[in-house]
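Here is what each chain is made of, one letter per residue.
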Amino acid sequence: MSNGKTSFLTSEQKRKIRNNITGYAFILPNLIGYTIFVFIPVIFSFVLSVMSWDGSKRPMQFVGLANFVEIFGDKVFRGTLSHTITYALMTVLPTLVLALLLAVLLNNKLKGVAIFRTAFYFPYIASIVAVGAVWNMLFQPDYGPVNEILKWIGIDNPPRWVVDKNWAMVAVSIVSIWKYMGYYMIVYLAALQGISNSLYEAASIDGANGWQKLWHITVPMLTPTTFFVMIMLTIQCFKVFDLVYIMTGGGPGNATKTLVNYIYEKAFTSWEFGPASAGAIVLFAIVLVITLIQFSGEKKWFKDL
Amino acid sequence: MNTKRKVIKIILYVLLICLSVIMLIPFYWMVISSLKLNKDVFSIPMRWWPETIHSENYKVIWEKLPLVTFFKNTAKLTVITTIVQLCTSCFAAYGFTKCKFVGRDTIFLLYVTTIAVPWQVYMVPQFILVSKMGLNDTHIGLILMQAFSAFGVFLMRQFYISIPDELCEAARIDGLNEFGIFCKIVFPLGKPAMATLTIFTFTNVWNDFMGPLIYLKTKELKTVQLGIRMFISQYGADYAWIMAASVCSLVPIVIVFLSCQKFFVEGVAASGIKG
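These protein sequences, in sequence, are chains H and D.
Residue 305 is where the first sequence ends in our numbering, and the numbering goes up by one at each step.
Residue 275 is where the second sequence ends in our numbering, and the numbering goes up by one at each step.
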């Protein structure tokens, strides 16, 4: 270290400056990209939601809350909200329960467990385009395998799935459950591994059977995980786009159009950026509320632990 | 007791086998349909195996679709995005954990807050921004918009925190500078987390549909997912061809998945812990 004879900065100050420079040098590549492509767009989406603009050379105009008034007055938009909520209600609970059951089954020490795990997880990594194409054929109302099987077990008038406005969302929901339960199964498996064996041993000594252990040890011990999975699933349901776009295109009519489908169409087919951004802010508000619930829940669990 | 345990074991196996068959039937149906004639896909009664194998379907779609171009585009996007994301995330994570500088915690807090904002919320302004830069309908635009993630920084940071500071301190005393410490000590130690992030980004970019749908308009630039989708809307009734195209789109990800399964599973566990 220099003795600071010629410099008017002490070596301590110099070190601080050098530390600042190194620190920023490390984060800067990410920070610059993130600022341009995420921070600014996030802020801009709030600005756009109170503007009227079609993306052309014409300047944007401040319109206050007119965009929100417009979309909430729009029957289609209110429809997308209710479809998205219906979809979440139909999807979250079955996915969660099935994921938990699969995880409990796989948590036994059996030979070949890895193969089953792969089979259950596989739909999750398959692309939605391919998966949507095959399920659309499986759900084909007149000769599709699903309805053939339903007829075979004695249901004479099986649903017409994606072409029936009452059943289309059910079809999407079934595919979603099938595709995502393997992912949450793995989350549950990781959590199951964290439950101490001594709890089960103690229960065995007290004479508890398998069901009792599942119901009185496994399920309660997994409560924080279940809560986390439920939050993640709900958020995921509110963001749904691809599956609907590929399986039904939002139809028949607008029966399966979801919130993100609405944002997409407003922005990229009719170039109404204002209403599209207002829709995006509604999505943001919903996700924010769910996230806040998560935070308060987490506080509760971690205090308890 | 022993026989009872055996019975339970057998029931478990039967249950697991039935469930996995149900889970995999759609894929089985995809493959057999891709080997049938278009008109035989929905034959009644249902056939669970093709009578004659029509593998020429694969030749047909190879001619009708520029699959090689689509695969090249997707591979390019996936590889570059993954590399950029890995490098910048590791750098930033090192800065956030092992360096002390003014505003560090504030900046990190901003990252954490935006992690919860879904992409769908800001995809419209992001598209406008990328278009204004003249990068609409280019691969660079698509790469830039998804290469910088808060999730990556967060994941790497969680891992780097567990690396003891004494290790870096010792290296500092030995005369290594910060960049040297990063390259020689922290970066190599972070490999498990990097594997997780790689798999995560790789699958996301490879399977991404909405990003390319918004950004890519030129046919020569399209990705596999977009190309298959285009093919499906063009040849809606040629069921066997559609299934053959779907099988082709799945092959690469299946290979990657089966060869790095361990990392896939660990990745889910790691991202699950973040909650």
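These aren't lab readings, by the way, just hints derived from the structure by calculation.
Accuracy of the hints is not assured; some may be wrong.
Simulated crosslink set (BS3-like; lysine-lysine; CA at most 25 Å straight-line) [stated by the list, open to error]: (1) D:K76 <-> H:K109; (2) H:K16 <-> D:K184; (3) D:K76 <-> H:K111; (4) D:K76 <-> D:K219; (5) D:K6 <-> H:K57; (6) D:K6 <-> H:K14.
If you only want the chain H side, here are some residues facing chain D, beta carbon under 8 Å, derived [as the list claims (entries may be wrong)]: (7) N20; (8) G33; (9) I174; (10) A208.
Built from N, CA and C at the ideal position, the CB exists for glycine as well.
ask   = Is the hinted pair K76 of chain D and K109 of chain H satisfied, with a Cα-Cα distance of at most 25 Å?
value = Between K76 of chain D and K109 of chain H the Cα gap is close to 42 Å, so the pair fails against 25 Å, i.e. violated.
request  = Below or equal to 25 Å on CA atoms is what counts here, so check K6 of chain D against K57 of chain H.
outcome  = Violated, because 75 Å separates the two Cα atoms, which is more than 25 Å.
query = Is K16 of chain H close enough to K184 of chain D, meaning Cα to Cα at most 25 Å?
reply = holds, 24 Å
ask   = Does I174 of chain H pass the interface check with chain D, least Cβ-Cβ distance below 8 Å?
value = Hint on I174 of chain H: violated, closest Cβ of chain D at ~11 Å, above 8 Å.
request  = Take a quick look at whether K76 of chain D and K111 of chain H sit within 25 Å of each other, Cα to Cα.
outcome  = Violated. K76 of chain D to K111 of chain H sits at ~39 Å, over the 25 Å cutoff.
inquiry  = Check the hint pairing K76 of chain D with K219 of chain D against an upper bound of 25 Å on the C-alpha distance.
reply    = holds, 16 Å
request  = Verify the interface restraint on G33 of chain H: the C-beta must sit less than 8 Å from at least one C-beta of chain D.
outcome  = holds, 4 Å
query = Are the Cα atoms of K6 of chain D and K14 of chain H separated by 25 Å or less?
reply = With a Cα-Cα distance of about 72 Å, the restraint between K6 of chain D and K14 of chain H is violated, given a limit of 25 Å.
Satisfaction of the N20 of chain H interface hint, Cβ to chain D closer than 8 Å = holds, 4 Å
query = Are A208 of chain H and chain D close enough, Cβ to Cβ, to be under 8 Å, as the hint says?
reply = Nearest chain D Cβ about 15 Å off; hint violated.
Of the hints listed earlier, those the structure fails to meet are numbers 1, 3, 5, 6, 9, 10, in rising order.
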